[in-house]
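Undergrad: Sequence:
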Amino acid sequence: MKYAFLLLVLLAFIPLLSSLRAADFPEAEISNRAIRAKFYLPDPDRGYYRGTRFEWSGIIHSLQYEGHEYFGVWFPRYDPKLHDAITGPVEEFRAGEASIGYAEAKAGETFVRIGVGALRKPDEPAYRVFGTYDIVDPGKWTVKTGRDRIEFVHTLTHPAGYAYKYTKIVRLEKDRPEMVIEHRLKNTGKLPLETSQYNHNFFVIDGRPTGPDAVVIFPFEARATRDLGDKALVAGKRLSYLRELQPKGESVFTEIEGFGPSSADYDFRIEHRKAGAGVRFTGDQPLSKLVFWSIRTTLCPEPYVDIRVAPGKETSWKIRYEFYTLPKK
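Letter 321 of the sequence shown, counting from 1, is numbered 320 in numbering that gives the first Met the number 0, and no numbers are missing.
Please keep in mind that the hints were generated in silico from the structure rather than gathered at the bench.
Quick caveat: nothing in here was measured; it's all calculated off a predicted structure.
Careful, some of the hints might be misleading.
Computed list of lysine-lysine pairs in DSSO-like fashion (alpha-carbon distance at most 27 Å, straight line) [unchecked claim]:
1) K139 with K80
2) K317 with K139
3) K164 with K189
4) K288 with K317
5) K312 with K189
Kindly produce the complete structure, drawing on both the sequences and the hints.
TA: Below, the structure written as structure tokens:
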């Protein structure tokens with residue numbers, strides 16, 4: 000009887016313990032009359048994501064519109080330092096297949112990850128895109144939250160001569176189902192910042208499986224660079240699925256060609272007919288590359304843009320998301 004009572008007490012506390020564990024991660028929320036978005040905030044000690052692949056701002060773990068959920072957990076295992084244990088429209092900066100300052104750094108020295116910090120380069124033959132590196136200097140983060148907007152600022156000064164002020168503002172348009180991500184990168188160092196940046200767009204519309212009910216629509220005649228087999232088809236201006244992707248890692252992965260030099264081609268739609276929900280996202284910069292990746296639990300167009308900032312100069316770019324509903328299939 001005594002043990003049964005103790006078991007009941009323990010079970011009663013499990014929800015409380017779970018909520019406390021979730022509350023350990025710094026969070027913020029913004030909303031307007033249409034959208035509610037919840038963020039995990041950057042923190043080198045307590046942040047939800049402490050990996051080194053993606054930059055740490057703008058991690059949205061829930062975005063709801065008209066009862067539909069657009070972002071959330073899509074991965075089977077969580078570790079704060081796992082390269083892709085992250086949610087939402089998250090972004091990465093790359094210099095070729097590596098990072099700023101990696102090529103010239105010797106083993107034991109540091110290189111730059113914008114939005115992450117200065118990372119230690121080990122003795123290795125090449126940069127590990129999916130690796131997690133030791134953070135020597137996380138830089139400085141400041142976050143300001145309003146009712147319908149949140150601003151992240153990251154600053155870093157690197158001993159090799161790189162330095163920057165990176166600002167990201169995520170804001171909701173007044174009374175409309177639209178979200179805008181605004182970026183500014185100011186070069187405060189002595190060396191140029193030459194990089195590309197992409198948004199991974201980890202969409203998980205209502206937790207529905209990726210399959211024939213999902214479609215991706217491009218503004219141009221698209222071509223896949225890989226054979227997608229019996230899983231998906233890229234034809235005309237659409238990527239469609241021939242069957243549901245299976246659990247345990249079955250994926251569709253390809254680069255997409257066919258876009259032109261204008262920012263008008265940074266214009267994509269994802270629709271899930273069974274969920275009755277869609278999203279359109281547009282950018283104000285021309286595409287430099289377009290990658291597409293999906294598994295059963297997430298569907299991700301990854302548009303790349305080129306970013307070059309001379310010392311003392313600043314550049315800006317933005318992405319707009321428009322959320323909408325569809326008649327259910």
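Undergrad: Now, for every hint given, state plainly whether the structure supports it.
TA: Hint check:
no., hint, in the structure
1, K139 with K80, "19 Å, holds"
2, K317 with K139, "23 Å, holds"
3, K164 with K189, "13 Å, holds"
4, K288 with K317, "17 Å, holds"
5, K312 with K189, "11 Å, holds"
The structure agrees with every numbered hint stated previously.
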